[in-house]
Amino acid sequence: MKILISILLIFAATTITKAQSPIDDIVKDWERAKAYTKEYLDAMPAEGYALKPTAEMRSFAQQMLHLTDANYGIGAAATGATSPVGMGESEKATDQSKENVTKLVMAGYDFVINNIKAMDPAQLNETTKLFGRFELSKAKAIEKCFEHQTHHRGQTTVYIRLAGATPPQEKLF
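Heads up, this note's numbering is the position in the sequence shown plus 5, with the first residue counted as 1.
Think of the hints as simulated: they come from the structure by calculation, not from any bench.
A hint or two may mislead.
Mimicking DSS-like on lysine-lysine, the simulated pairs with C-alpha atoms at most 25 Å apart in a straight line are [claimed, not checked]: (1) Lys97 / Lys108; (2) Lys57 / Lys122; (3) Lys134 / Lys176; (4) Lys122 / Lys134; (5) Lys43 / Lys122; (6) Lys43 / Lys33; (7) Lys97 / Lys122; (8) Lys134 / Lys43; (9) Lys108 / Lys134; (10) Lys43 / Lys149; (11) Lys108 / Lys39; (12) Lys103 / Lys39.
Work out the full structure, taking the sequences as your base and the hints as a guide.
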């Protein structure tokens with residue numbers, strides 16, 4: 006009996022931490038992606054922002070700004086927020102300098118992160134429509150947005166190498 010009481014007292018004295026919500030997990034991934042993308046933006050020399058591997062491809066700056074446009078557009082649909090940036094507006098920015106692109110890209114990540122933080126976990130199960138034709142849960146839309154930014158950031162690895170610089174190491178955690 007003494008052992009049982011001791012165990013109960015130890016259990017009662019133990020702080021039980023609240024389980025992390027799915028929103029917290031999603032935000033953590035987006036914050037990591039933002040930091041990782043910032044490392045890419047920093048790794049590319051300023052003169053490399055106009056680099057286009059071929060004439061048909063986007064420049065480094067345009068790749069990053071395209072990623073940002075999708076963060077706003079898909080992020081808005083996924084979270085129910087209103088995007089302050091029109092579709093394709095970032096990529097058409099006249100100032101595609103390292104400083105301005107970095108500012109615009111970081112603002113796009115902040116938009117997504119802040120609006121995910123404002124969501125209630127139950128909203129992740131609500132449906133939304135992407136591009137007027139793909140109906141999916143808001144959680145899945147956030148995943149698609151994350152997949153898109155990962156894809157375009159990954160493409161810029163080659164740009165950084167072509168500019169003679171070294172891209173950041175993988176940042177999975």
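Which of the numbered hints above does this structure break? Violated hints (numbers, rising): 2, 3, 7, 8 and 9; every other hint is consistent with the structure.
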